[in-house]
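Chemist: Sequence:
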Amino acid sequence: MQTSILNEKLFIDGKWIQSENTHKVYNKYTGELFSEIGIADEKLVDQAVEAAVYAHKKTTFTPDYRYKVLMRAAELLLSHAEEFAQIIAKEGGKPITDARAEVNRSASTFQIAADETKKLVGEIIPNYNVQGRFLYTVKKPVGVVAAITPFNFPLNLVAHKVAPALAAGNPVILKPASDTATIAIKLCELLEKAGVPRGYLQCVVGSGGTVGEQLLNDDRIAHYTFTGSPGVGKHIQKTIGLRKATLELGSNSATIVHSDADIDKAAAKLAKMSFAHAGQICISVQRIFVQKSVKEKFLEKFLQEVSFLKVGDPLDPNTNVGPMINEKEAERIEQWVKEAEDDGAVILTGGKREGSIFYPTVVTNVRKGMKVSDEEVFAPVVTVSDYETIEEAIELVNDSKYGLQAGIYTSDLSLSYKIPYLLEVGGVVINDTCCFRTDQMPYGGVKESGNGKEGPAYAIQELVETVTVVVNLEE
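Here the sequence shown is numbered in the numbering used here, starting from 1 and rising by one per residue.
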């Protein structure tokens with residue numbers, strides 16, 4: 001498929017529609033124009049919602065057919081794997097090896113969601129109190145779902161929202177991030193080929209302030225699933241009122257390195273995962289807390305491993321760190337690092353910017369109030385601090401408005417058992433970094449990191465209504 005042919009069109013009510021205005025998408029490394037994508041106006045967004053509502057009311061989409069569509073989509077993804085990976089690398093700036101992994105993960109996400117269509121069952125409720133009544137439950141789709149996705153995993157996070165919505169039997173309106181929307185449109189092409197019923201998938205592109213706002217204010221939409229910033233997440237929840245939302249928001253995720261851990265192994269893995277996709281991952285390692293007695297040993301190995309990372313062209317299979325999503329974001333983090341340095345932080349390596357590339361940066365001597373520690377950096381920047389006791393480390397991790405995931409390296413079995421109950425996060429990774437996710441696991445945070453869970457099995461439960469049925473056996 002040629003990305004210059006169909007990527008200008010939007011997918012609404014089973015048809016490809018040309019809009020009057022377009023959004024230019026650029027190659028994030030070369031700066032060259034990559035594609036032009038249609039922008040939805042108010043009329044087109046309304047058409048998308050109308051089509052979804054009609055499909056929900058009038059079109060039969062059985063669990064068996066959902067399974068076939070989702071499995072076929074996975075097969076098509078794998079057959080177009082290299083083409084899709086190239087698009088992700090060019091329009092998203094993601095290193096090609098990581099882009100290829102994302103395509104494979106996305107296919108897996110569709111397969112997992114397909115399997116879940118076979119598990120949408122109710123239950124019989126024991127009735128001990130009232131004679132002559134038979135109680136059971138059924139699961140039914142919630143209705144129209146709006147899926148709003150970010151740029152950093154432009155294929156797999158679309159898969160994590162679209163596949164569960166379809167698996168649950170819901171029509172979905174997809175609004176992908178504009179700067180990486182080409183890959184989302186290509187996925188819609190595959191889903192059309194896979195046989196998704198007319199009206200069960202719409203793709204509309206545009207800014208959050210226009211298209212996004214129109215979707216939020218449309219009462220015909222029953223559920224919103226969003227990945228993005230806490231500020232936008234709060235706005236969504238405030239705007240939609242009592243309607244439901246699954247919100248996966250920001251984080252400044254931390255990993256603890258205890259003195260009884262394999263320090264060299266921890267340092268090597270942390271060096272890789274602190275800068276994967278230029279730090280533009282929701283659970284990227286942003287804060288590292290190392291027990292004081294092993295801090296120097298850790299830093300020596302960690303900085304050595306960071307020095308081995310190759311920065312550059314995402315299409316080079318040897319590249320570890322590519323560009324950020326745009327130069328504005330690179331300038332932002334450059335300013336944050338400078339502010340921290342002016343306030344007493346020490347830059348151990350990095351701190352340099354070339355266009356949209358920001359070199360892997362390690363910062364120490366940070367304190368509360370510095371943006372590089374307190375806020376979500378979403379950039380190739382990591383802070384390293386020390387602690388004396390594990391109680392202090394736990395307090396440092398929890399001293400955050402976020403709570404998505406945390407990691408800990410330790411050989412203490414007792415500590416490994418206790419730590420998940422002590423850390424204020426949605427996921428704890430033991431003997432690995434906080435930057436770990438497999439697509440079938442429940443994934444979501446607490447505090448300002450959001451609410452609800454992703455992972456197809458868990459997302460689907462938020463996308464169905466449990467209906468209680470009571471049968472009077474005496475009539």
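Careful, some of the hints might be misleading.
What the hints assert, rightly or not - Straight-line distance between alpha carbons at most 16 Å, and here's what the computed EDC-like set of lysine to aspartate or glutamate pairs gives:
(1) LYS368 to ASP399
(2) LYS15 to ASP64
(3) LYS238 to ASP218
(4) LYS272 to ASP219
(5) LYS234 to ASP262
(6) LYS292 to GLU329
(7) LYS401 to GLU448
(8) LYS238 to ASP262
(9) LYS418 to GLU395
(10) LYS352 to GLU341
(11) LYS352 to ASP386
(12) LYS418 to ASP374
(13) LYS368 to GLU329
(14) LYS272 to GLU391
(15) LYS9 to GLU32
(16) LYS368 to GLU395
(17) LYS139 to GLU391
(18) LYS57 to GLU75
(19) LYS272 to GLU300
(20) LYS244 to ASP399
(21) LYS119 to GLU465
Hints listed in this document are in silico derivations from the structure and should not be mistaken for laboratory results.
Chemist: It remains to establish, for every hint, whether it holds in the given structure.
Modeler: Verification of the supplied hints:
1. Proximity of LYS368 to ASP399 is assessed by CA-CA distance (about 9 Å); at most 16 Å being required, the pair is judged to hold.
2. Restraint check for LYS15 and ASP64: not satisfied, since their Cα atoms lie roughly 24 Å apart, outside the 16 Å limit.
3. Straight-line distance between C-alpha atoms of LYS238 and ASP218 comes to about 14 Å, which keeps the hinted pair within the 16 Å bound.
4. Between LYS272 and ASP219 the alpha-carbon distance is near 44 Å, which puts this suggested pair outside the 16 Å criterion.
5. For the hint pairing LYS234 with ASP262, the CA-to-CA distance comes to about 40 Å; that exceeds 16 Å, so the pair is violated.
6. About 33 Å separates the Cα atoms of LYS292 and GLU329, which puts this hinted pair outside 16 Å; it is violated.
7. In summary, the hint linking LYS401 to GLU448 is supported, as the alpha carbons are separated by about 6 Å, within the 16 Å threshold.
8. For the proposed pair LYS238 and ASP262, the alpha carbon gap of about 46 Å is over 16 Å, so the pair is violated.
9. About 14 Å separates the Cα atoms of LYS418 and GLU395, which keeps this hinted pair within 16 Å; it holds.
10. Using a Cα cut-off of 16 Å, the hinted pair LYS352 and GLU341 holds, with the two alpha carbons roughly 13 Å apart.
11. As the CA atoms of LYS352 and ASP386 are separated by approximately 25 Å, the hinted pair breaks the 16 Å bound.
12. At most 16 Å may separate the alpha-carbon atoms for a hinted pair to count; LYS418 and ASP374 exceed this at roughly 25 Å.
13. Note on LYS368 and GLU329: the hinted pairing is violated, with a Cα-Cα distance of about 22 Å set against a maximum of 16 Å.
14. At roughly 27 Å between alpha-carbon atoms, LYS272 and GLU391 are farther apart than 16 Å, so this suggested pair is violated.
15. The hinted pair formed by LYS9 and GLU32 fails the criterion: a straight-line CA distance of about 20 Å is larger than 16 Å.
16. Of the supplied pair hints, the one linking LYS368 and GLU395 holds, its CA atoms being roughly 13 Å apart against a limit of 16 Å.
17. At roughly 44 Å between alpha-carbon atoms, LYS139 and GLU391 are farther apart than 16 Å, so this suggested pair is violated.
18. Under the criterion of a C-alpha separation no larger than 16 Å, the hint pairing LYS57 with GLU75 is inconsistent with the structure, at around 29 Å.
19. Only pairs whose Cα atoms come within 16 Å are accepted, and LYS272 paired with GLU300 is accepted, the gap being roughly 15 Å.
20. Under the criterion of a C-alpha separation no larger than 16 Å, the hint pairing LYS244 with ASP399 is inconsistent with the structure, at around 29 Å.
21. With a C-alpha separation of about 14 Å, the suggested pair LYS119 and GLU465 falls inside the 16 Å cut-off, and the hint holds.
Violated hints for the displayed structure, listed by number in ascending order: 2, 4, 5, 6, 8, 11, 12, 13, 14, 15, 17, 18, 20.
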